[in-house]
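K.L.:
Next come the chains, spelled out residue by residue.
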Amino acid sequence: MAAGSEASALDASSIDTFPRLLVHHARTRADAPAMREKDMGIWQSWSWSAVADEVAALACGLAELGFKRGDRLAIIGDNRPRLYWSMCAAQILGGVPVPLYQDAVAQEMVFVLLDADIRIAIVEDQEQVDKLLEVREQCPQLQHILYDDPRGLRHYTQPFIHGMDEVLAMGRIHNANQPDFVVEEIARGRADDVSIMLYTSGTTGKPKGVCQTHAAFIAAARGGMAVDHLAADGDILSYLPMAWVGDHLFSYAQALVAGFTVNCPESAETVMIDMREIGPSYYFAPPRVFENLLTQVMIRMEDAGRIKRSMFHAFMAVAKRCGAELLDGRPVSGADRLLYALGNFFVYGPLRNVLGMSRIRVAYTAGAAIGPDLFKFYRSIGINLKQFYGQTETCAYVCLQPDRQIKYDSVGKPAPGVEINIADNGEILVKGPMLLKEYYKRPDATAESINADGYFMTGDAGFLDDDGHLKIIDRAKDVGKLAGGAMFAPNYIENKLKFFPHIKEAVCFGHDRDMVCAFINIDMGAVGNWAERRGLAYSGYTDLAGKPEVYELIEKCVEEVNAELGRDAMVADTQVHRFLVLHKELDPDDDELTRTRKVRRGFVAEKYAVLIEALYGGKPSQFIETEVKFEDGRKGKVAADLVIRDVKTFAQGAA
Amino acid sequence: MARQIGGVILDLKNISLRFGGVKALTDISFDVREHEIRAIIGPNGAGKSSMLNVINGVYRPQEGEIIFRGEHRRDMDTHAAAEAGIARTFQNIALFKGMTVLDNLMAGRNLKMKANFLQHAFWWGPAKREELAHRRKVEEVIDFLDIEHIRKTPVGRLPYGLQKRVELGRALAAEPQILLLDEPMAGMNVEEKQDMCRFILDVNDQLGTTIVLIEHDMGVVMDISDRVVVLDYGKKIGDGVPDEVKSNPEVIAAYLGTQH
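Chains as they are written, first to last, in the numbering used here: chain A, 1 to 655; chain B, 1 to 260.
I should point out that these hints are in silico values taken from the structure, not numbers from a laboratory. Using N, Cα and C, we set each Cβ at its ideal position, and we do this for glycine too. Treat each hint with caution, since some may be false.
[Unchecked claim] Sample of chain B residues facing chain A (criterion: CB under 10 Å; computed from the structure):
id, residue
1, Lys-23
2, Val-138
3, Asp-143
4, Phe-144
5, Arg-151
6, Lys-152
7, Asp-205
[Claimed, not checked] Using 30 Å as the maximum straight-line C-alpha spacing, the simulated DSS-like pairs for lysine-lysine come out as follows:
id, chain 1, residue 1, chain 2, residue 2
8, A, Lys-38, B, Lys-246
9, A, Lys-38, B, Lys-152
10, B, Lys-114, A, Lys-637
[Stated by the list, open to error] Each pair of labels, with its calculated beta carbon distance range:
id, chain 1, residue 1, chain 2, residue 2, range
11, A, Ile-42, B, Ile-5, 32 to 42 Å
12, B, Pro-159, A, Pro-331, 18 to 28 Å
13, A, Asp-589, B, Phe-117, 50 to 60 Å
Hey, can you work out the whole structure from these sequences and the hints?
P.N.:
Right, here's the structure in full:
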C-alpha cells in the first residue's frame, strides 16, 4: 500500500491512529508475520504488508458500497483474520466498527443493529447471514450483508448479500484506479475519532454502546506494553469474542501497537489443540477457562496410572510449597530448588506443554474474581499468570499486577497514567486517557457515569491496601446487608463455592434476610465423570442434579466453604444455611447469564422467586417448571421437584 | 433448490436373491436418478440391507440385471463398484477404531492412490505429492463435516454420533457418485439426527452426490427423500414420492401402521 512519506518519518511511539500503525508495520516490518489462521488443517500466515494490502482493498470495497466517514460497521463472527481486517478498513474510512457477540440469537442482535444504525454488516458465515435475514424486516436500515465463508451460501441470490471475495476484488480495482484514496483517508483520521463501539453486556438494563477513541485504546495498549515489556516477536491466540473489550485490547490494539502476531484458531472446539501448536507467548483467558483447564487436567490425572498419579501429586505438593515463591523471586531453600527443578522436568514442563503454555511469558485473567488456589496453581507450575482490572468503559485498563508483586487477592497497582479514587461508599473511581468518550446516543448515561471531577464510576466496591494494590470486594450495588446488619458480599461467597470443580455456578441470596441461602449449578463434566466412576446412571443434567449422591457431594463443598467463612470475622455471619441444586444450567440464551457469563442476579431472583421462597420458608422440597430456549430458537420445558438441604454452619473461630 | 435431478443412473431389474431356501429379495425393480435422494424403507428383515449389498456387489443376485450408467451387468463386484464411484456406510460402524479420524479418512481414498508400495514406504516422489493432494481432499471433507476438533482423535474414543459422522466422511473421501447409507441415523438423539440430515442434504446439494439410504425414522425419510421404495418380505410393495407412499394402503398395513 502506498502511503504518505511523512508517516515513515514518525517513530512508532507517536503514531496516533490504528490505520497509521498498520502502515507503519507494513513499511518497517513488511515480511514479519502479522496474522495466522488455521485453515484446512494448515496454518496460513499473512505478513504485515499482505495485511495492509487486504485492508486497503477492503476499505475501498466498503467505500464502493457507500460506507462513509462516521458510519458504523457491524462485525459478527468468530475470530477470523478478515473480520479483524474489517475493523481496520472501517477505521481507515473514518467509520466505527461495532463487533457483536457471535453467539447471540437474532432477536438479541436487533437492539444493537438499530441502536447503532447499522447499514453494512460483515459476518462470518451462513449462520450469521441467516440471523440477519431473520431480523431484516425489523432493521430496515440494513442495506448490505457481507460474508467471509461462502459455504452453504450458494443459493442466497439476494442482491444485498455479497461475498467478501467479491467486495475485495471490487476494492482492488478501486485501489488501483485511485491509489491516493486510501492514503488520503488515513491522513484524515484523528486520534480523538471514535475507533470502536463496544456494547456493554447489559447486566443492568439495555446494552449501551461505549465509544472509545484511537487515543484511548492506544494509550491503554502502550501502558500495558510498558508494564509487561511486550515485544513484536510475540504470539497471541485470539479466541475470545471480538465484541469483548479484552479481545479488542489484546488482539487488536496491542497487536497493532506492539506488532506481534495474532493467531486465529480453526474453530471454537479446536482452541486447545491450536494453542498447543502455536504455543503463544501472550495469553488471555477469563477465570472460567483456567478453571475448566484445571478441571480437565484433574479429571485426566484421576484416570492416569498409579505411578503417574502419585508422581503428579508429590511434585504438585512441592510446587505448592515453593513454585510461586520462585516465580516471584523470593528466597527458597536449596533442597526445594532442587526438587522444583526435578518437578519441572518430570511434571510441570510436560503439563505446561499439554496446556499449550510452554512459551508463555505473560498470561492474564480478568472479568471475574479468580479463586486463590486456582491462581496459585498456575503460578506454581511456572506460568506467569497475572490479574488485571478494567471495564469496557476504561479499555479494560485500570490496574495491572506488576511482575514479582503478586498478591492473590488484589488486582494489582494502578496502570501507568491511571488515577484511582475510592468514594465514600467504597465505589472505585478512575480517571485517565483510557476513559470512554461517551455512550452512543446516551448523553444521560454518559453524564451519570462520570462525576464532577471527571472520574468514571466503575460500580465496583473495593479499597487500596497499604502497598497501593487495589482489592475488589464485589459490585457496589450487590454488596448488601443481612437483616442482622452484617455485610453480605454474594460474589465473595459464590467465588469460594465455584472454586470446587464440581460446582459450575452459584447464586447466593441474603440481602435483608436473616441467613444466606444458595442456588448451585453442578459442573456437568466433573460431576458426570464422578458419577460414571461410581457407576451412577443418569439421563441428563436435570436427573444428575437431583441425585441424592450428588447432593451429598455438594453439601460437603458448601460445608467446607462455611468452615472457611467461619474463620473470618468479617464474613462469619454469611455462611450458607440452606441450598438447592438447580434443575437446569443457567444459560445466556435464557437471559440468566450475560454473554460474558456473569449471573444476572436480579433476573435470576425474579425468575426463581418460588425457589427462594421455599429456601427461606423452610420447605424440604419445591416443584418448579421452567421454559428453556435452545440454540436454534426452539423452546422447551424442564420440570423437577427440587430438594432443599440444610448445611452445617460453624461458630466463628470454631473450625 | 438449484440441484437438478437427472436421468436414471442406476437401474435394478427383476432382482431376486436367495440364501438356500430363504428368499431375501424377490423380483425387485426400481431405479435411482442422478442427484436424487432415494430412500429404501420397510420392516426388519424386509431385505433393505440385502438390496444395498446387491448394489455394491457384496451379494450376487441369482436373477436380474443391474444397469449402472448404461452398462448392463449380471451383478456388481465390490471392487468395481467402488472404482465406479459407489461408496457406502454400514449399519454397524465400519471404521478402524484404533486409527485417528484423519487416517480413517485417508483410508477412504485408498482406491485413488496410484503410487506403488515402495514409493509409499519411503514417502518419495510421486507418493509424497500424491499424499499431499489426498490430504487436501480429506481436509475438505473434514471442513465439510465440521470435525476439525477430532482430526487427530482415535475413532474408538469418539461418541457414537460422531463416529457415524466420521463414517460418512470416510465414504465421502472417496468422492463417490452414489452414496449408499445404511441407517445413518440409527441410535442418534434428536440433535445428532438434525445434524446428520443437514449433512446428507448438503452432500446431495453441494457435491451433487446421488444418495440411496435406508432409514427407520419416517419423519426423516419423508422429509429429505425425493422418492421412496418400500420393501416387505423381500417384495416391493410401494414406490413413489413420499406423499404417494404415505397414502399407499399396502404400505400402511405392512409398515407405517398409521398415516404419518
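K.L.:
Checking hints one by one. Is Lys-152 (chain B) an interface residue toward chain A, by the C-beta closer than 10 Å rule?
P.N.:
holds, 7 Å
K.L.:
Between the alpha carbons of Lys-38 (chain A) and Lys-152 (chain B), is the straight-line distance 30 Å or under?
P.N.:
Distance of about 15 Å is within 30 Å: holds.
K.L.:
So, Asp-143 (chain B) near chain A? Judge it on the closest CB pair being under 10 Å.
P.N.:
holds, 6 Å
K.L.:
Under 10 Å is the threshold here; is the Cβ of Val-138 (chain B) close enough to any Cβ of chain A for the hint to stand?
P.N.:
Interface hint status for Val-138 (chain B): holds (8 Å vs cutoff 10 Å).
K.L.:
Holds or violated: Lys-114 (chain B) with Lys-637 (chain A), Cα cutoff 30 Å?
P.N.:
Roughly 56 Å between the alpha carbons, so the hint for Lys-114 (chain B) and Lys-637 (chain A) is violated.
K.L.:
Per the CB criterion, is Arg-151 (chain B) less than 10 Å away from chain A?
P.N.:
holds, 7 Å
K.L.:
Do Asp-589 (chain A) and Phe-117 (chain B) keep their Cβ atoms within the hinted range of 50 to 60 Å?
P.N.:
With Cβ atoms ~54 Å apart, the hint holds.
K.L.:
Does Lys-23 (chain B) pass the interface hint, meaning its C-beta sits closer than 10 Å to a C-beta of chain A?
P.N.:
Hint on Lys-23 (chain B): violated, closest Cβ of chain A at ~42 Å, above 10 Å.
K.L.:
Given Phe-144 (chain B) as an interface hint, is the shortest Cβ-Cβ distance to chain A below 10 Å?
P.N.:
holds, 8 Å
K.L.:
Quickly compare the C-alpha distance for Lys-38 (chain A) and Lys-246 (chain B) to 30 Å and report which way the hint goes.
P.N.:
Between Lys-38 (chain A) and Lys-246 (chain B) the Cα gap is close to 47 Å, so the pair fails against 30 Å, i.e. violated.
K.L.:
Is 32 to 42 Å right for how far apart the beta carbons of Ile-42 (chain A) and Ile-5 (chain B) are?
P.N.:
holds, 37 Å
K.L.:
Check the following: the C-beta atoms of Pro-159 (chain B) and Pro-331 (chain A) are separated by a distance inside 18 to 28 Å.
P.N.:
Distance hint for Pro-159 (chain B), Pro-331 (chain A) is violated at roughly 51 Å.
In this structure, the hints that do not hold are numbers 1, 8, 10 and 12, in rising order.
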